[in-house]
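Trainee: Sequence order for the protein chains is B and X.
For the record, in the first sequence the residue sitting at position 124 is 125 according to this note's numbering, with numbers rising by one throughout.
For the record, in the second sequence the residue sitting at position 148 is 149 according to this note's numbering, with numbers rising by one throughout.
Possibly wrong hints are sitting among the right ones.
What the hints assert, rightly or not - Output of the computed footprint for chain X on chain B, the stretches with three or more beta carbons under 8 Å from beta carbons of chain X:
hint: 1; segment: 108 to 122
hint: 2; segment: 136 to 144
hint: 3; segment: 162 to 169
Hints in this document: simulated from the structure, not taken from any laboratory.
Idealized CB from N, CA, C, for every residue including glycine.
Protein chains: 2
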Amino acid sequence: MKILNTVNDVKTAIKELQKAGRKVGLVPTMGFLHAGHMSLVKKSVADNDFTVVSVFVNPTQFGPNEDLEAYPRDFENDTKLLTDAGADLIFSPSPEEMYPEGFSTKVSVSGITNALCGLSRPVHFDGVATVVTKLFNIVNPDRAYFGSKDYQQLQVIRRMVKDLNMSVEVIGMPIIRESDGLAMSSRNIYLKPEERTSALSLSKSFGLIQKLLDNGERDARVLRQKVVDYINSHSSAHVDYVEIIHPEKLNSLETVNGDIVAALAVKIGRARLIDNKLFKI
Amino acid sequence: MKILNTVNDVKTAIKELQKAGRKVGLVPTMGFLHAGHMSLVKKSVADNDFTVVSVFVNPTQFGPNEDLEAYPRDFENDTKLLTDAGADLIFSPSPEEMYPEGFSTKVSVSGITNALCGLSRPVHFDGVATVVTKLFNIVNPDRAYFGSKDYQQLQVIRRMVKDLNMSVEVIGMPIIRESDGLAMSSRNIYLKPEERTSALSLSKSFGLIQKLLDNGERDARVLRQKVVDYINSHSSAHVDYVEIIHPEKLNSLETVNGDIVAALAVKIGRARLIDNKLFKI
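For reference, chain B alone in the conformation it holds in the complex (with noise of 0.2 Å):
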């Protein structure tokens, strides 16, 4: 497997496949990679001629109190994981080559990035959309790989994708969960062991809302306040949000009457956690 650091060089590599006709899928990661990361990777590695793992930290996806210096990196491990997994090129790229001195443009999208992780973290998605278009253009994939865990960006890519006419085919995919329920995180690893037991609240808030969605509820406003509260008595975790949201314009609903997402978002000691599942009504 190839390790490239610089746009020129992925530029060039994947050129000369592409001429050959050869597809190519890519998998934007920010390392310290787990079983979710590796699912989107051997997908991938299924439906392509060629896999391109990038492994890059983005400083601007981060906000000023935010973890980036803390953000847990294990490249050898990284490489280890993709060389097994058949990937072919990581782009493991530096700050500096991605945000060369006089960088100033932005990709942002409206709407959907104002609830949930965007109120808390507002830099957050503005950073995810700008890297994400650098990596398409850089890659230039047949198809790119994210995780549901991220749900709220993945619609946020998806939205980007369809505005700007980008050619490439988003394939989101499901959450990886620990054999407890537990949603596959890099920062997983801030938990302390009576925290990781907290943090089972989150995924045990969707048995909740399943059973109460079984007993007819259908005030969505009872459901978030239900899981509010159950987190808030069962754990030492914080609420973030939790909110139940129309699966594709990720609105609070206020009443069942067709899918529902629902989102949360916890702070447990250093990590903050997020987690959602889908529920067809």
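Chain B is fixed; fit chain X onto it per the hints.
Mentor: Frame of chain B; chain X shown alone:
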């Protein structure tokens, strides 16, 4: 020559061409073509195997009190001119095709837009950057051609292409002028005969600047003030701005100690006209 109105039709047509290894040039225009536009088209026809000209009066680059409705259109004549010049495809989408319901993505360039036309037209360059990004993604050109009359626009596009790692080569072409010096513009049609004479004050200013530079003047504020005085006393034009700027950074200069660009915007009757000239020191 083909005329296509939908994004998908253009994407399909271009994909076929590029599979066959043919080079594609793009000339983005708002139509009502004049000799300035046609110089870009001819250059593209000479440089590439296939030339796409987009004809789209882009609503998002007009401010609320600007001339969107009045902007001149003559698609029949445009088609004739482009056919004669050897263009291969006109892309002429509706506003709804470019901005369907729910559209909510924006590309913006900061820094160099906080000057010149960016000050009096605050939404203008976001509109330009976004529509040009869309056109680049739709047409996937090897080269794209822009005139230099919109000097700031050309720099914004160069910045955006560099920052977002777009693969297109941006080619800036010289301003084309009427025989009396007036820069070609679709908006010149707004000028009444006596205003047409006033409009010559823009290009004549450059003669004044050259004379001052030849006489050793190096205070950019003096150059600026002399041009403002000249335009105010020799025409019915209202100065929007006169700036002596750095050719790439576009910041206003106090002292001339390298190449400069003189950039002007004036209002004459209904028309807002711009012009600029590079002075080699």
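Trainee: Hints first: check each against the structure and report whether it holds.
Mentor: Against the structure, the hints:
Beta-carbon proximity to chain X at under 8 Å applies to 6 residues in the segment 108 to 122 of chain B; the threshold of 3 is reached and the given coverage holds. Under a criterion of three residues with beta carbons nearer than 8 Å to beta carbons of chain X, the stated coverage of the segment 136 to 144 of chain B is upheld, 3 such residues being counted. A stretch counts as covered by a chain when three or more of its residues have a beta carbon under 8 Å from one of that chain; for the segment 162 to 169 of chain B and chain X the count is 5, and the coverage holds.
Hint check: no violations occur; every hint is consistent with the structure.
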